[in-house]
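Residue strings, one per chain:
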Amino acid sequence: MADHPHDTSAHDPADHGHHGHHILSSGILLKVFGALIFLTILTVVLGLMERSGTIHLGALSVPVALGIAGVKATLVAMFFMALKYDNKVNALAFSLSLVFLAVFFIFTFLDTGFRDTFDERSATAIDEVEMQELQLQQRTQELQPAFEAQPLVLPGDTALIGAPPAP
Amino acid sequence: MSTVATAPVRTEPATRAYPPGHEPVHHYLLEPGPGPDVRGFARVWPTIKAWATTVDHKRIGVMYLFTVSLFFAVAGIAALGVRAELMNPGSDFLTADQYNRLFTFHGVVMVFLFIVPSIPASLGNFALPIQLGAKDVAFPKLNLASYYIFLAGASIALYAIFTGGIDTGWTFYTPYSDTTNTAVLPMTLAVFVAGFASILTGINFIVTIHKMRAPGLTWNRLPLFIWALYAVSIVQILATPVIGITMLLLAMERFLNIGIFDPALGGDPVLFQHFFWFYSHPAVYIMILPAFGVISELMGVFSRQKVFGYRAIALSSVAIAMLGFFVWGHHMFVSGQSPLSSIVFSVITFLIGVPSGIKVLNWVATMYKGSVWLATPMLYALAFLFLFTIGGLTGIMVGAIGVDIHLHDTYFIVAHFHYVMMGGTVFAMIGGLFYWWPKMFGKMMSERWGRISAVVAFFGFNMTFFTQFVLGSQGMPRRYFTYLDQYHDLHMVSTVGSWFLGLGLLMVLGNMIWSLFRGKPAPGNPWGAATLEWTHTTSPPDHHNFHRTPLVTHGPYDYDALFAGDGSGDGTGGDGSAGRVPGMPAPVPNPEQGGPQEMHKSVDLGLAQPKSKHD
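If you're matching them up, the sequences are chains A and B in order. Under the numbering used here, read the first sequence as residues -12 to 154, first letter to last. Under the numbering used here, read the second sequence as residues 21 to 635, first letter to last.
Check the hints yourself; a few may be wrong.
[Claimed, not checked] The calculated label-pair distances, taken between Cβ atoms and stated as ranges, are:
#1 A:29 <-> B:384: 55 to 63 Å
#2 A:68 <-> B:113: 55 to 63 Å
#3 A:30 <-> B:285: 50 to 58 Å
#4 B:278 <-> A:68: 23 to 31 Å
#5 A:77 <-> B:406: 41 to 49 Å
[Said to hold, decoys possible] Simulated pairs of lysine-lysine, DSSO-like, Cα-Cα distance not exceeding 27 Å:
#6 B:389 <-> B:69
#7 B:231 <-> A:71
#8 B:389 <-> B:326
#9 B:231 <-> A:75
#10 B:389 <-> B:463
#11 A:59 <-> A:18
[Unchecked claim] Not everything, but these chain B residues come out facing chain A in the computed CB check (under 8 Å):
#12 338
#13 342
#14 345
#15 346
#16 358
#17 361
#18 367
#19 370
#20 371
Since the hints were made in silico from the structure, they are not lab data. Remember, predicted model here, so these are calculated numbers, not experimental data. Glycine included, C-beta positions come from ideal geometry on N, C-alpha and C.
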């Protein structure tokens, strides 16, 4: 089927991926190239704007960046790697691998995005919490010398845990 | 049926009287054999060369079996050493440092070099193509390559062990694995390399199952062992690359100081645990799913009736494989992951209990009102059922967040995963070995010693590990080389139990070696099974598995379609009590039309073409 260049509309679905490469028209290649360049610029611009404080994406920052990268990878796979014109099973395998990756990312974000969330749900007023923390700091400073003077391992315990005897 | 062939008569041909493959006695272990005039080393070398370069799935399966058994023995001896050190508190014959290296050695070798490849690569490689009615796997050379890649990985692991060992535990947790001076990098490289063997085997199995089934072998007629291997292969292909990437990231961090897991470099140590368990939890199912497949076969064959809920068992394997990817966070409840993800992972972990429960229920229902035949494989299968149920239920217990915080890193966890891995996978593998051994080597193992070994190993196993449940719930932490006096008695019991367990496994080994030299020759179908490897080929199989491609006309457990009477094989029809008494001879199947039993002697001698209306 590599005998004549043609675009997607002229493609015969019956001879999917059986022989040789699929030839794409230069128009489509240029359009995909343009989209890739645009998305790259978008990523950079978003990054710069976020750094300068023009926009604030917060927790969405990484998903948006990964989403753009995912769209770019999909474009490359579909057109440059001709997955779009190949056997549909290969496209299914490719999509499933993306889903698989998404599972890993989403569940990991469930961790990194929501750490310490339960500690914030406090009925105590803010100033009261701050006062408690201040008192805790003072208390720690008071106890610090006494704590350091006390050896962590008592002489009688060394045989028990197999550690070398304290000097 | 007057032409039923008895054991072929061995004649002494003066010269090569038959074309290769048509000798009276010919099978994959002998072929290609040197002529009788070749003597000395010249006789040995072609055999070594033929085995080392073979692309025959049966030989590769046997080589894998030998290799993983070796690793099992070595790591098992390490386990006995660990238990011996723990018999008394304090340092007996190992220092704390040596103890750390020994239990890590035990864990790494058992997990990565034994359990992960154990059943799929040995029994799977041997039985899968024959059960499918195929001549070989889809990519025979890739199969051999996977074996050598596995050997390469194992060699690197041995190098790591002999250049100082490794003391991180089999999980390689950061930040410790980033800072310890032991051979972490060679060991992770070994895991990385051995992972490729796993991936190649998975690809091979999936393509073989999709493309090389015999005519008539529909998806609903696949033996459940095949379904289990299919599910395992999916997990192997999807999950194993992740451990490779993780090990690469670990190496990048150590070599190039790129902050990924080390907080000092801006990394996140919990991220390592995410990466590690994203592979290693599905890997737990790589280890146990093939065992489920073996047990399904054994339950059907030795209960002499159709496996109850065939489709439920088949699809629950796939369900476990899929769900297994969503639960890795339950290893990290106390690692500082967010409470939200702990809750989510805990809930999904409970869901795993559903397909596992479906399987256990169906196995029990298969035995119900069946003619249960307590041969050695069935004894191991029953031991599996008992031990895996305990392992699975304690898994649900530690899947609950509150309970897990109490039990995390205690001997309760050690006992739990040994009940699943050892009581589950290893017992199933031994049961499967007893079951397929006659097919693999053409020799029957000793039934009496097989049964004794099953009882001793079962007793020793429970003595070793049930005590550890109690120890763990009392607060004995894992990975410590000494302990408080209050735990002494139970540790003593556990260590003595490990000797019984070792004795039971030694009996299995002795039984195998004995059978190779002194065992009775195995008939084609000693267990009266209905899958293709028993009904359509000899023991051991021909070099190309079958004389003719089988035509499958019934399901894998349709004993009544193959055997007279009630399927118990004793020919007594209704009451069939004779077949249920332990110690009775094996059921002799009625020869199937088109099977090798029907073949006339003249066909074996190469003088006539096989004739059958089923050809």
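Taking the hints in turn, this is what the structure says about them:
no.	hint	result
1	A:29 <-> B:384: 55 to 63 Å	59 Å, holds
2	A:68 <-> B:113: 55 to 63 Å	60 Å, holds
3	A:30 <-> B:285: 50 to 58 Å	24 Å, violated
4	B:278 <-> A:68: 23 to 31 Å	29 Å, holds
5	A:77 <-> B:406: 41 to 49 Å	45 Å, holds
6	B:389 <-> B:69	51 Å, violated
7	B:231 <-> A:71	24 Å, holds
8	B:389 <-> B:326	11 Å, holds
9	B:231 <-> A:75	18 Å, holds
10	B:389 <-> B:463	31 Å, violated
11	A:59 <-> A:18	13 Å, holds
12	338	14 Å, violated
13	342	10 Å, violated
14	345	6 Å, holds
15	346	7 Å, holds
16	358	4 Å, holds
17	361	4 Å, holds
18	367	12 Å, violated
19	370	16 Å, violated
20	371	14 Å, violated
In the structure shown, a violation is registered for the earlier hints numbered 3, 6, 10, 12, 13, 18, 19, 20, in ascending order.
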